Structures are given as structure tokens and as C-alpha cells.
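Asks: Relying on the hints, combine the two individually framed chains into one complex.
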Amino acid sequence: MKVGVIVFPGSNCDRDMHHVLTDVFDLNAEFFWHEKNLPENIDAVVLPGGFSYGDRLRAGVIAAHSPIISDVKKLAEKGIPVLGVCNGFQILVESGLLPGVLLKNESLNFMCEWTNLIVKNNKTPFTNKLELNQKIPIPIANGEGRYFVDEQTLEQLEKNNQIVFSYENKVNGSVSQIAGVCNSDGNVVGMMPHPERAAEKEINQIDHKPSSLIFESLVETVGMKK
Amino acid sequence: MSFQEHEKLHIEKNVKRELTTTESQILAAEWSEHCSYKSSKQHLKMLPTTGPNVIVEKGYDSGVLDVGDGYVVTVHIESHNHPSAVEPFGGAATGVGGVIRDILSAGTRPIALFDGLRFGNIETDSHARWLFKNAVAGIADYGNCLGIPTIGGEVEFDECYKNYALVDVAAVGFGKKSKLIKNHANIGDLVILIGGSTGRDGVGGSQFASDALEGEDRSAVQIPDPFIEKLIIEAILECRDQNCINAMKDLGGGGLSCAISETAESLGIGIELDVKNVHLRESDLAPEEIMISESQERMLVIASPDNLSKINSICDKFRIQCSVLGKVKEDKMMHVKNGNETIALLPADFVARGPLISREKSKPKYLSNLPVAPEPQNNLSFTDVLLKLLSSPNIASKHWVYRQYDHEVGIRTVIKPGYDSSVLRLDNGKSLSVKIDGNPKHCYLNPRQGAIGCFEEACRNVVCTGATPIGMVDHLQFGNPEDPEIFWTFMESIEGITDFAKSLNIPCVGGKVSFYNETNDGPIKPTPLIGVLGLIDSSPLHPNPPSENDVILLIGETKDELGGSEYYEYIHNFVGGTAPSVDVSNSKKNMESVLSLISENLVKTAHDCSKGGLAIAISELCIFGKVGCHVNLNKVSTLSTEKILFSESHSRYILVIEKSKLDSVKNILSEKNCSFSELGIFTSDQIIFESDSNPVLELIVDKAENNYLNSLGKIIQNG
Numbered sequence: 001m002k003v004g005v006i007v008f009p010g011s012n013c014d015r016d017m018h019h020v021l022t023d024v025f026d027l028n029a030e031f032f033w034h035e036k037n038l039p040e041n042i043d044a045v046v047l048p049g050g051f052s053y054g055d056r057l058r059a060g061v062i063a064a065h066s067p068i069i070s071d072v073k074k075l076a077e078k079g080i081p082v083l084g085v086c087n088g089f090q091i092l093v094e095s096g097l098l099p100g101v102l103l104k105n106e107s108l109n110f111m112c113e114w115t116n117l118i119v120k121n122n123k124t125p126f127t128n129k130l131e132l133n134q135k136i137p138i139p140i141a142n143g144e145g146r147y148f149v150d151e152q153t154l155e156q157l158e159k160n161n162q163i164v165f166s167y168e169n170k171v172n173g174s175v176s177q178i179a180g181v182c183n184s185d186g187n188v189v190g191m192m193p194h195p196e197r198a199a200e201k202e203i204n205q206i207d208h209k210p211s212s213l214i215f216e217s218l219v220e221t222v223g224m225k226k
Numbered sequence: 227m228s229f230q231e232h233e234k235l236h237i238e239k240n241v242k243r244e245l246t247t248t249e250s251q252i253l254a255a256e257w258s259e260h261c262s263y264k265s266s267k268q269h270l271k272m273l274p275t276t277g278p279n280v281i282v283e284k285g286y287d288s289g290v291l292d293v294g295d296g297y298v299v300t301v302h303i304e305s306h307n308h309p310s311a312v313e314p315f316g317g318a319a320t321g322v323g324g325v326i327r328d329i330l331s332a333g334t335r336p337i338a339l340f341d342g343l344r345f346g347n348i349e350t351d352s353h354a355r356w357l358f359k360n361a362v363a364g365i366a367d368y369g370n371c372l373g374i375p376t377i378g379g380e381v382e383f384d385e386c387y388k389n390y391a392l393v394d395v396a397a398v399g400f401g402k403k404s405k406l407i408k409n410h411a412n413i414g415d416l417v418i419l420i421g422g423s424t425g426r427d428g429v430g431g432s433q434f435a436s437d438a439l440e441g442e443d444r445s446a447v448q449i450p451d452p453f454i455e456k457l458i459i460e461a462i463l464e465c466r467d468q469n470c471i472n473a474m475k476d477l478g479g480g481g482l483s484c485a486i487s488e489t490a491e492s493l494g495i496g497i498e499l500d501v502k503n504v505h506l507r508e509s510d511l512a513p514e515e516i517m518i519s520e521s522q523e524r525m526l527v528i529a530s531p532d533n534l535s536k537i538n539s540i541c542d543k544f545r546i547q548c549s550v551l552g553k554v555k556e557d558k559m560m561h562v563k564n565g566n567e568t569i570a571l572l573p574a575d576f577v578a579r580g581p582l583i584s585r586e587k588s589k590p591k592y593l594s595n596l597p598v599a600p601e602p603q604n605n606l607s608f609t610d611v612l613l614k615l616l617s618s619p620n621i622a623s624k625h626w627v628y629r630q631y632d633h634e635v636g637i638r639t640v641i642k643p644g645y646d647s648s649v650l651r652l653d654n655g656k657s658l659s660v661k662i663d664g665n666p667k668h669c670y671l672n673p674r675q676g677a678i679g680c681f682e683e684a685c686r687n688v689v690c691t692g693a694t695p696i697g698m699v700d701h702l703q704f705g706n707p708e709d710p711e712i713f714w715t716f717m718e719s720i721e722g723i724t725d726f727a728k729s730l731n732i733p734c735v736g737g738k739v740s741f742y743n744e745t746n747d748g749p750i751k752p753t754p755l756i757g758v759l760g761l762i763d764s765s766p767l768h769p770n771p772p773s774e775n776d777v778i779l780l781i782g783e784t785k786d787e788l789g790g791s792e793y794y795e796y797i798h799n800f801v802g803g804t805a806p807s808v809d810v811s812n813s814k815k816n817m818e819s820v821l822s823l824i825s826e827n828l829v830k831t832a833h834d835c836s837k838g839g840l841a842i843a844i845s846e847l848c849i850f851g852k853v854g855c856h857v858n859l860n861k862v863s864t865l866s867t868e869k870i871l872f873s874e875s876h877s878r879y880i881l882v883i884e885k886s887k888l889d890s891v892k893n894i895l896s897e898k899n900c901s902f903s904e905l906g907i908f909t910s911d912q913i914i915f916e917s918d919s920n921p922v923l924e925l926i927v928d929k930a931e932n933n934y935l936n937s938l939g940k941i942i943q944n945g
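So the sequences go chain by chain: A and B.
The opening position of the first sequence corresponds to residue 1 in our numbering, with each subsequent residue numbered one higher.
The opening position of the second sequence corresponds to residue 227 in our numbering, with each subsequent residue numbered one higher.
The following block holds chain B by itself, in its conformation from the complex (with noise of 0.2 Å):
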């Protein structure tokens, strides 16, 4: 643990005396990159954050939505990629707990979870099949145990991931409005430790997260208990019933130090506390430890001593532990005894507000040399292509992973994983749509599109479902941020998803930064990963299987744009190329007249079309289906086949029309001025595209069917 010039000269400036040891490592906790963002918080500020259903209270560690008739939504997204590379259970399934208890201490019932995982390459590499495995095992033991369905996600594989792992959490809570917390403290109130007892485990695990991978610092992982987790919950919203909380914060990075000096500084209050009073799992844990360890399942309340009686009752219920810390002050210092000894005393706001740090950005120079175009390979046929596209563990399948995870519990889940986007029901009759999306082979070739596109198809998952998007989440992912073009890339996200909330009204709503995350090779490419939340006011549009004779309609355009496809990396191991763009006025007249054409009722299915491009996309709705197609290619655009079959271009949309409905169908594309053309049919038990009447692809549906849902598995079983 070491300052750094310009945190040493603010600690010289402030505090005017040697610091303690508990001090140091309070500080050092709470100005970690991971707890104090001192490299993005000032540029996050130019995300838009308010919009007509975005309720801000202060202290929230969640973001919260309105959806009428005194509901609320909450969500909250983080990762625990650090931890989950060196012990994939245990750091995946904590990464989870931490997430549920962000969406807890709102006052909120957690409902979903989603989770995008990312890793080496699972074909030829041992150790990213065991990471994975086990990140899986971790996520589905955590949420299972908890009764939180796992609903949604993604997972995807890419070498620059090795030896690593990207594992990202996104939860949603549902409450009542008038439930919520709403954070607050009067003097005299007290400071309470509710939950599992504080060990070594995690002891400065926000270092552990803020500093690039190098050695297995196992101690530095948090140990998951999923059971108390459960008790926690129940015992929280137990006490929320019977109003016995003023204010709570899940207990995270940086431990009780961030806790407390973040609840003081928000609340403009003091705190003192007495680390004699933490429960703890290890009777020798040093007190600077007891600060800084990240032990799990805990949370921190304050309430008014009048309400001690009744939240000690129901913590014994649960027979959850449960410690009175220390008092609120009017002091606003952050005041840490050890017995009679003061071993910390500090502003709050000193120790939560860590120095930031303007850091310099520069265009990375791989940008200017990328090549543009793989060499042909004349050996492999378009039908082969898609067969082998089928089975690219991108592309096939999650079936494995989401059948480890229970995402029927709750009985919300109206719309299950394996689709665009999954739907719960809510208590009002409304339906709420979730997806998260990544897309680092996009982002590495263009960080700004690749970023915006992220955003795009999120929000273009939960129109297919006939939702509009109220609210979203971001999770930066990148690597070391002291280096200026993997700052630029940061930057060009940001800015990238900043200007595509802007245009479309969609405020952000919650969200994370991970720096550090490299490799032995290097930086992970950029990973942005964005989270979309939309609202139905009934019942979604559900996947329909299409029938002999539907018609295939593709909204958008279909552009020169193969560069981070899976076509050339998967099938031409080839980087470069231009990768997607979005025209934002396109964008948001595609959603529209989609969304609009479900809620006349006159769409069957509407399908995403991203990954493995329209041949990918038609082929998925006839497995789905069990039926074959025909699809003229003349009818997308005059591109090379090649290009028209696999390009990623965005806003686009396959839609089923049942034939009877196509000419109204038409008539509101044709109003509202969309691009669209009608492809074929679904017909026969083949995939049959052809261009110039000629056939250029055939594939028995059967087939296809077998590569897409069993290549995961297949993979697996292979140890």
C-alpha cells in the first residue's frame, strides 16, 4: 500500500499530522480506483441520469425507476473479474451476493439477475473451460440457494481474455414506492452491523481490484455464503415492513471504511464506532483489518435506538448476528475507536472524496494500422460457413448454462432465457424486458461505435418484446487507465454511449468502472457492457415459432460492415476491418415503427439481428420453428453475398408476419418511411438463401438445429 505524490500532498494539506495505521489503510481502501473512481468520475458526470421515471434519492447504491401505480424498479450492475480469475466459484458467486444487497439497500426485493461472462478461448484452452465451468457452478449455487431467478445474460469468448475472466452481474429489485429508503440519520442514532461475522477474507480486496493481475492473491477473494445471504434478505425487508431503518448501505469494496464514510459524507453526518463491538469470525484480526476486509453478507443500518428491540428480535428469528458499532454524530468525522483508543479520525467527506486524477489520452496507434480485409479463402462453401458459425460457442446455444440456473423461481418469468430478451411480470400488470450487451470485438475496432452499438442492441432486444426502453445501466471494462490510448478508449466509450442516451432520452440510471483488467498478453480489448431496461404496459410480445408460409421481413439496413463480425474472426481469424456504426435517427425510427407495428398486433416474432449477421438470425428463427426457409439475398441489398449474409450492421430486425397481416404491415413501414425489405418465406425442412436465383446456401434444418444447440456442451464434456 503506497500514496501517490498528489495523495500525499492532499493527506499533508488536510490532515496536518502523521497518519495511523488504521488511517493508511482506510484511505488506501477508500482511494482504491475500484472505491474512489478517481480516473472516471468526473467524466461519468456527463451521462444524463434524470428522466421521467428516474426517482433520485441520496445514498442509493441502486438505481431506482418508476413504473406507476406506487411501483418501483431497481437495478444495479458490477463485476468481480479480479477475483473470479484466480477462484472463478467463489468470486462469481460473491459477485452476485454483492450485487443483490445493492438493490436490498434500497428497501427493494430483488427479483432477477442477469450476468455476462467472458473468457479465453473454451475450444482450445483448458483453463478457460475450468474457468468458465466454475464461474457458471458459482453463479448458479449463489442465486439458486437465494431464490433469485438468473434470467439473462450472455456469454462470449475471445483470446483476449486469457488466463482471465469477465464476470458481470446485473440485478433488479421491485418494491413499493412508499417502501423505499429514504436515507437519513438524526444524532443519537445508531450505527448497526447486521449479518455474517467479518473474517480475513477480502482483507484489501479493492487493491486486489484496482492493479493488474499478477500474482493469485487468494486472500484478497471473499468467501460466498449464500444461505446467510437468503436471511439477510429476509431478516432487511422484515425490519423495512416494520420501519425500523433510516438508512442502509450494502457493505462492499473497501469493507466498513467505504461503508461508513460513504453513508457519513452522504448524509452530512459523523460516525463513531468501536471495532470492538464488529462480530467477528477470527478472534485475531488486527483493527486496521477489521476496517478493510471485504467478508460478505453484510450490511450496514442506522436506526433510531427507540427501534434496537425490534430489529434485534428479528435478527434473532433469522439467527443472524447483529452488532450496535457506534453512533451517529453531528461532527461529520468518521471516528473509529478501538476500546478507548481513537485509532482513526477524519472528515468523512475527506475520506469518501478521494483526489481525482486528469489522465491523458492519446488515439491508440493500432487504430491507423488495422488491415481491411481478410485473403479470400475459396475452400469453404456459405453453407459450411453457417454450420460452423452455428456451433462457435458465441453463437450456439447457452441452453447448458442457463438450464444450471433456476429462472423460473418467483414465478415473474414470462418471457425465458434462450430468447432476445427476458420479460418478468410485474405486480401492476406491466411487464419489464431486460438485457445486458457486450461486444469487445466491435468495441476494440472502433471503441465509440462498438459502444454505442452495445447500447443499440440492447435496446433493440427489449423492443422485440414489444418494450420501450425507460432506463439504463454501464459497466466500463477496460485496462490500465496511467495508459493514455487505453484512456482514449475509455473516453470514446463513454462519450459514445453519453451522445446515444442523449438522443434517444434514455437515462443512465446506475453503472460500474473496471480498470486494470490485463492479462500476461496485455489489455483486454474494451469491454463496455450496457444493461436496457424497458417497460410494457401488459403482456409482451412472445416469441412465437414461425410456420410454413410466415413471411420474413428484415427492417434497417444492410451495410459494408464485417469488421468484428464472427464471420472474420471466427471463421478467418481475421482482426480488422470497419466494424458497425449506428445512424442514430435510423435507430430510433426502426424502434419505433417496430415497436409500433407489436402493438397493433400484427408481428408474430420480432427477432434481433446482431451476431453472425442476418444468416445467423433467420437461421435461429427456424430452429426455433423447426422449419426451413427461402430467402432471396437481391431483396437485402446489391452487397457481396458474403457481406449481405454475415455483416453485424445494426438496427436491424427480423420480424415474422403472418401473410394475412403483411399489406398492413407495409402500409406502416411505408408511412413511417423505414427501411425494409420482404426476404421469402419460411417453407420446406431447409435453409435455402440464394442471389441471382441461384441457390448460395443450403442447409437441412436439422442439422443446423444439432450445431447450434449441442456444440456447447460438447465443448464442456471435453474437461
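The shape of chain A in the complex, shown without the other chains (with noise of 0.2 Å):
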């Protein structure tokens, strides 16, 4: 059993999640650079969050066309549970993994604060442990989070149940308060609020449970087949 972490150049946020994925909830999470291959016996992949090179042209476009990224859809394919957290939901939806595009923030900054997330589908690799409108407190930490859908598009993602999370209040303008959405088939999922962030006691005072649960999912989900 082994999650891969997928370290771009300019990922920053990938200490954090491999931290939480071994320290916290004991799973096998090894880092693979973005010039690697990855694995095919390998259980799940996450894409941290970061500035992969630096943001530029626009964030997480360079790096939808790291090699790795074509092991990543191989696997995808095959049903393996993919999470991007933040930059790493901006390439999925840039690598065309994920509908969609993220613009930048309606309020023009980089916005790090607290929110709550609403659990609008529970049946993903990394929900299944969640209730169905759970709240979730998890922070923000993006200049470019504003998740865009045409409304033909919008009316797919709803009909699918590919809409994931949505945030509780009007955060940054995304359509419909869209937080995370997946795949057609459930098994690729992006969020922009950074779950690694909010998964330990020691770093959230307001409730790390539901944010654990995301993680306890993954362990639900790679431990059956152990």
C-alpha cells in the first residue's frame, strides 16, 4: 500500500501533506519528483499545494505538462484515487483531469482565512467517511481560487454529483460557492481549502474531526484493498 505525493518545483505544501499522510494516519506516502515515473502498483497520488514555477503564465498551467502528469491520468483511468489540494486542483483542472478553471480571487488578493465547507458528496475515495452536509472548518491559503463553470457545464457537475464541497458563505466569488468537484467517475477529486492544514488538534482549535475524516477516507478507501 503506497500514496504518492507529487513534488513540482515550487510545491510547497508537500512536507505538510506527507507529514499528515504518515504521521497522522499512519499510511505509506512517498514523494515523487515531477521528472519521475510513478509507480502502477501505487494506491492513491496526491498533488499538494504550492506555487508550482512560481504561479507563471497562470497557476499550475507549467506543471499540467510535467511528465508525471501522464502517469497520473494513466492511473486516474484506472480508477486509483487522485486528490489535488489547492495548486494541486489548479493542475488538475489546467491538465484537463478535472472541469473547469480557477480565475482569481473576486477580491483580487491573496486570501488566507478560516472557512467552513459544506460535504455535498459523499461518495468519493476521499468523502466516504463524511456525512452528507457536514460542515468542515479548513482554511484558504490562494490568490487564484475562484472555481469558473459555464452554466451548461454547471448543470453536468450537478446532475453527475460532481460537485464535492461547497463553501458555507460567499468566499470568493466561485460559482455556485464551489469548493471541490471530481471526475465523471468520482475517483479524481480538487479542492481549493487545504485539508492537511486542518486535520491535527494542535493547529486547529475549532474541530479537526471532519478535516481527518477526508483523510480517513483515503485510509477506508487503500486499506480494503490491502
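Just so you know, the hints here were simulated from the structure itself, not pulled from any lab data.
Everything numeric in this text was worked out from a predicted model, so none of it was measured.
Among the hints, a few may not be true.
Listed next, the in silico DSS-like pairs over lysine-lysine satisfying Cα-Cα at most 27 Å (straight line) [claimed, not checked]:
hint	chain 1	residue 1	chain 2	residue 2
1	B	Lys359	A	Lys170
2	B	Lys929	B	Lys940
3	A	Lys2	B	Lys543
4	A	Lys201	B	Lys402
5	B	Lys403	B	Lys536
6	B	Lys359	A	Lys104
7	B	Lys852	A	Lys135
8	A	Lys170	B	Lys852
9	B	Lys656	A	Lys201
10	B	Lys929	A	Lys170
11	B	Lys558	B	Lys284
12	B	Lys536	A	Lys36
13	B	Lys830	A	Lys209
14	B	Lys624	A	Lys201
15	B	Lys543	A	Lys74
16	B	Lys830	B	Lys852
17	A	Lys104	B	Lys940
18	A	Lys201	B	Lys830
Computed footprint of chain A on chain B, listed as stretches where at least three residues anywhere in the stretch have a Cβ under 8 Å from a Cβ of chain A [as the list claims (entries may be wrong)]:
hint	segment
19	370-376
20	540-552
21	625-632
22	635-641
The beta carbon of each residue, even a glycine, is placed where N, CA and C say it ideally should be.
Replies: Structure representation (C-alpha cells):
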């Protein structure tokens, strides 16, 4: 059983994610540099947050062309769980693994603050231990976090149950207050907020349990495979 | 560029020939005030620098503190004032970059940033707003991209910074003691430049920073590239992990000239290099420009030739450039070549140790002519005053600022920005509490006590989280040191800081002096800034919101010290009166008492009482807990209501105590002979202060909250 944490030049939440996966949830996680290949027997892939390539051109767009992305696509097609957080989400939409785009926040500023998520789909490998409409206190930290799709696509997302998380309040101008989506198969999930920053009691004074359930869902999913 | 008479004599005596163009440029950069500390070096020696936690190694650009279990914390502070006053975004961003590389050069990973920002009046001056907004954006852009959380700092506005900016950045690093770089070199080792290319940006930056700001010399401002910096951090740490680095230094002020001469001098070696080997951003750079360019994101590494291939492959992985400039020699000379031609050949210690200057000092005349108190104003009620103070940009919440900084990345931030002191968790289960503080309004009226006050305030803030201060850094910012009156204020500050550091056994582990901070209207107010690091053996005391019936306890004495207060300056537009002084023995006693109450688990929340005085400190707690209070001012002292509410006397803490624990708290405080008063309780939805059984101030908490939380954002929206 192994979770791959992909590291792009400029990733900066890779070590945080690795810490939470290994030290808090006892998963076997390993870093993979973006020019390396992913082994076929990997059980889950996480694209962590940060500023891959310094957000040049547009957040995530250069990393979406990294060699490792073709391996991620192959694994995703096989149904392996893939999670993209923040810049990882941006990379997933730029590489076409997830629908939509992420635009500059309505405030035009970088925003680092705590917010509440609402669970909209609890059937994915990262949400199966959460209740539908459960609240998750969690921080966001991004400049380009405003999710956008056209009306037609939005209808499709709603129809296919592809909206995984929405913000409780208007945070950044996202369409339908969307904070996270999945692909039509449900195994690839992208979210702007940072669950790895909210899953430990020490750094989350509000309630760390809901975010923990995101990781425990993964434990349950990959654990069943063992 | 010109040398002063005594510098010319020093050159004649030691070199005994004409300097080459490159040599002149190297010496001008290295002997600038900015690099050589020629006015201050001999005085900085008075600061105590040793202590049980301090690790001293040669050539470190940052202070190193042992935090136990094989781990160390590193810390450094710098400013980037002149560049930020011209180009606030790039100036502030490159200020962040520079201080981070100082942390990196000890072999530790940077884990937190703090910034102290000072500008003119943002309410009336659109240029000050522009400087402020862009300096914040520059810090956010750089720190966020690197993934180093900006977790604390302060922002202050004062007319003395009109058309100018003070941008101070402190960085903290963390690592294993065994992985610290033990700076050393062997003959034949390679001298390697890793990182960004060298260009014309920042040429002459040190001299630019060593003179009053007259023109907007944009070429002297460096260009930031946080992506390259991030790659350098990871590459250098990987080189460190593979034991490839013998010695390391950041390229900052003075560029290669400074890095080469200081490295050679501190290691007692010679260095020979060829400027043709430096990777360049533009091909037509003159050799002397290469030597003094302050292009950012560059590190100088000394490594054994056996490790070159490892270093090359690490740099290849991160796609950063790496050039072998030359090698280590025995002769203790700094030898610069351009191909086969020698363009500079000087003893390294001669370059690195510029001749010092004894500056004259005399007590400023203004200090003898300060007015005592403002004319009384009867039109404002205390309620009006409190509302106005809560929306003063110096007091109002800085949420607009710190929400632009990623303060969570790294998942160490246990106490987040917006409280007294931010706290980081460390890998050994301990916690590190850090705070920086300055107070130019107090320092202007009393440079010595003002500086001590900044120091004490930073200590109080870390104490409020349950931390014991283990080290400090200072950043001393003044006007032109050639003016004896300004130099007197510098000497007063450093003597005050030294006395307090010695009394409390808090070693100074790093610092910086910045002179020539002058605006068109004259020098800035003396602005020493103190950063204090505190260590907690386990988890910190979290700021818990006060609730109904919790008791309000004041530790410390409130004195007739309204001079330099926000009340005098913001409400009365008055500069004068008696600024607060620190009584060292009370300071110590109060710190120890608060720490022991916290360790006994008797305190719900501890809050520092400082800017805006008692009225603001208690109001902040009410806003935090969304609860009112009922406070009897007669319990504080017999001073007038105005003085009790707004005096900024030091050594005071507001403690929130649960009723059930009050007796134990009182017993301990009485045993310690610590001065305290029980002021009242948190209750209802109104802030009520009463004196002689009559309310003197009544304010609904919601109203207070609105002013406190939204004022800064509103000012910024005005464009």
C-alpha cells in the first residue's frame, strides 16, 4: 500500500501533506519528483499545494505539462484515487483531469483565512466517511481560487454529482460557491482549501475531526485494497 | 563614490599604490555604512551575546539557539528601507528574500517570517497608502510563493515616515544541530556561486542605503524572483543533506565583494576568482559591476572538489545555475581576475574590516523643550475617544494585512496572527513564541526608555503565551549618524537595550543597524525594533475568548505616562509629556509571576497592555469574546480617569481568570509580592468603565468591534 505525493518545482505543501499522511494517519507515503515515473502499483496519488513554477503564466498551467502528469492520467483512468489540493487542484483542471478553471479571487488579493465547507458528495474516496452536508472548518490560502464553469457544464456537474464541496459563505466569488469537484467517475477530487492544515488538534482549534475524515476516507479506501 | 579622508589615509598606508577601478568599487561597497557598520560596530560590542542556549560559530549570518533534543532555531532581522521607499513591492519582497538566505546559510530551513512596517499617515496621504499596500503585496507575493508563513509583525503609521517606508523583516529557521554548517575551508576547495544570474539590478545598493534618500535611484533596487529562491532553498538543503557544503554565505548588500571578502576573512583563507565565470543576466556587465551587483537569489558555497559533481547534479535537478568562480588559497588575499588579468588584489581582512569612525554625540535640543501636556479638550467623551482609538490605523485590527499572507503553510502555526505573539510548534514537542515590537513615539520622547520599552513589550507578548524569553534580535534604525544629536539617540537606545538584556539574561543573537533614514522633512524618529524569541516546554497558552463572569485582573502599575501614547498623538495631535519607563525589578517580577500562573494552569487568557492603554487592552478582549465588561477604575490607581484609561505604562498584563481559580491566583501573586488589582468582570454586551461609582465610559461591544475590525480595510478602499 503506497500513496504518492508529487513534488513539482515550487510545490510547498508537499512536506505538510506527507507529514499528515504518514505521521497522523499512518499511511505509507512517498515523494515523487515531477520528472520521475509513478509505479503502477501505487494506491493513491496526491498533488499538494504550493506555487509550482512560481504560478507563472497561470497557476498550475506549466506543471500540467510535467512528465509525471501522463502517469497520473493513466492511474486516474484505472480508477486510482487522486487528490489535488490548492495548486494541486489548479494542476488537475489545467491538465484536463477535472472540469472548470480557477480564476483570480473576487478580492483580487491572496486570501488566507478559515472558512466552512459543506460536503456535497460523500461517495468519493476522500469523502466516504463524511456525512452529506457536514460542515468542515478549514483554511484557504490562495490568490486564484475562484472556481468557474459555464452554465451548461455546471448543470452537468450537478446532474453527475460532481460537486464535492461548497463554501458555506461567499468567499471568493466561485460559481455556486464551489470549493471542490470530482471527475465523472468520482475518483479524481480537487479542492482549494487545505485539509492537511486542519486535520490536527494542535493547529485547528475549532474542530479537527471533519478534516481528519477526509484522510480517514482515504485510509478506508486504500485499506480495503490491501 | 568617494572615500573620506581617514579612509584615503588608511588605503595609502596599507596598499601603497593606486587602487584599480575594481578595487575602488569593492572598497566603496564593503566600507559603506550598510556593510561595514563603521559608525556602530565598536558600540554593538556592549550587547551581551552569550547564554545557555546560544551556539556560536564563525561566519554565521544568523543567530543560533539550542532548543534541546538535538534541534536548533536560527533567527535574523534585516530592513529594506531605502528600496521600499522607492519601489515598495520589489523593495519589500527582496527584503524578505535576503533575510531568508541568512537563515539558509546556517544550514537551517526557514520556517517563519515576521515583518515590521512603518509609513506616513495613510488616512490623509495617498502616497503613504500606495507604499503600504504595495509593501504588503510584495511581502505576500514573496513569502507565499516560498511557502514560508508570515505569522507576525506590526504596522505603524507616523508623520515622521512621510514619503518614506521602514520595512523590517525577521526570519526564523529550524533544523537539526548536527546538520548546522560548520563553516570551514581547505586549501584548494572550490568557490561556487549558486542561484540567479548576476545583472545590473542593485548595483551600488549598499551605498544607496548609506546615504539620505534623495533621488529615486531605481537601478539600485533589486528585482525579486521568489520561484528561484524556492529552488535555491531546496537545492541548498539537499546539498546540506549530502554533506557537500563546507562553508556558505548569502549574497546581500555589497554582492560578491562583501560575500567573498567576509568569507575569506572569517575563515582565515584567501580566495581567487575570475569574474568571467559568473553567470550573467546581461552580457555587457563591467567586471567591477559584477563584483558589486546586488542581484538577488544567490548563494556562495565553498565545497571540496570531490563534491562538485553532486552539487552539479542537485542544481541540475532544480534547473538552477551553478558556477565555479575560483578556489580557496592559503594567502589570505582577495584576488579577482578578469580572464588572465588581475583586477583586484587586496588582503581579505583589509577589505572586510573597513576603518571605523568615532561619531560625536550630543543630547538633542528638542528634548529639553518638549511640552508637558495638551490643552484639555472638553468636547470629546471617553466613549468617543475609545471609539476613535479603536479605529486608529495603529490600533485597529491588522486582519487586512495578515490575511494576504499565507500564515498556515508549514503547519506549525499553533497561535495565528492577530493575537499577542504567534507560536510555532517544533519537532521536539516544544513551542516557539516570537514577537517583534517597536515604538517610535515613545523613543522620540525618551530614546533610552523607549528602546527598553520595545524590548519589554516584546517580552510581555511572548510571556502571554507562556514562553520564557531565550534570545533577542535588534534592529536599530536612525537618521544620519554624522549628526551628533541623532548619534546620541542611537547610543541611548543601544545602552538601554544592553542594560535590559543583561538584567534579564536575554542574549542578543543578531541584529542590524540602519542609518541615514531621512525624509525631506528630516530624520525619522529613533526606531529601534526588538524581536524576542520565547520557548515553551510543551503547548502554549492559547488565547481563549473571555466569557460571562470571568474576572479581569491587572498585573502591574499604571503610572502618569501619557507621553507618546496613542491618546496624546492620535486624539490630541500632541507630541510631548512623559513617555513610559521600565522598572527592571518590577518587569522581572511581573514576567515571572505571569509565567508561574500560566504554568499552574490558572490563566484563561493573558493579554499584553500596551498601545492605547488599559481601555484598549480590555476592549480588545471584549471584542474577542463578544462580551461586555464592568470595570472599576478606582481599583487601578488614584490617577485621573484619562491617565488610567490611556497611559501606556509598561510591565502590565490583563489576565482573564475563571472565578473558581481567583483565590489561587491571588495567593500566588501575593506570595510573589506582585502588584495586581481585580478590576471587574466580563458581563453583558457593553463595555462599561466606572469611577467613583459613576460610569465614565459606555460602549456596545458590537460597535467597538465594527470600528476595530473594519477601519483599516476602509482606509485602503479609499485608494
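Asks: Are the hints correct? Go through all of them and say.
Replies: Status of the hints after comparison with the structure:
1. Lys359/B <-> Lys170/A: Distance of about 24 Å is within 27 Å: holds.
2. Lys929/B <-> Lys940/B: Satisfied, since the Cα-Cα distance of roughly 15 Å is no more than 27 Å.
3. Lys2/A <-> Lys543/B: Within the cut-off at roughly 24 Å; holds.
4. Lys201/A <-> Lys402/B: holds (25 Å)
5. Lys403/B <-> Lys536/B: holds (23 Å)
6. Lys359/B <-> Lys104/A: Satisfied, since the Cα-Cα distance of roughly 18 Å is no more than 27 Å.
7. Lys852/B <-> Lys135/A: Satisfied, since the Cα-Cα distance of roughly 23 Å is no more than 27 Å.
8. Lys170/A <-> Lys852/B: Distance of about 23 Å is within 27 Å: holds.
9. Lys656/B <-> Lys201/A: holds (15 Å)
10. Lys929/B <-> Lys170/A: OK: Lys929/B and Lys170/A at ~24 Å, within 27 Å.
11. Lys558/B <-> Lys284/B: holds (16 Å)
12. Lys536/B <-> Lys36/A: Holds, at roughly 19 Å.
13. Lys830/B <-> Lys209/A: At roughly 24 Å apart (the allowed maximum being 27 Å), Lys209/A and Lys830/B satisfy the hint.
14. Lys624/B <-> Lys201/A: Roughly 26 Å between the alpha carbons, so the hint for Lys624/B and Lys201/A holds.
15. Lys543/B <-> Lys74/A: The given pair, whose Cα atoms are some 25 Å apart, holds under the 27 Å limit.
16. Lys830/B <-> Lys852/B: Holds, at about 16 Å.
17. Lys104/A <-> Lys940/B: With Cα atoms ~22 Å apart, Lys104/A and Lys940/B stay inside 27 Å; holds.
18. Lys201/A <-> Lys830/B: holds (18 Å)
19. 370-376: holds (count 4)
20. 540-552: holds (count 3)
21. 625-632: Coverage by chain A holds for the segment 625-632 of chain B (5 residues, Cβ < 8 Å).
22. 635-641: holds (count 6)
Violated hints for the displayed structure: none, as all numbered hints are satisfied.
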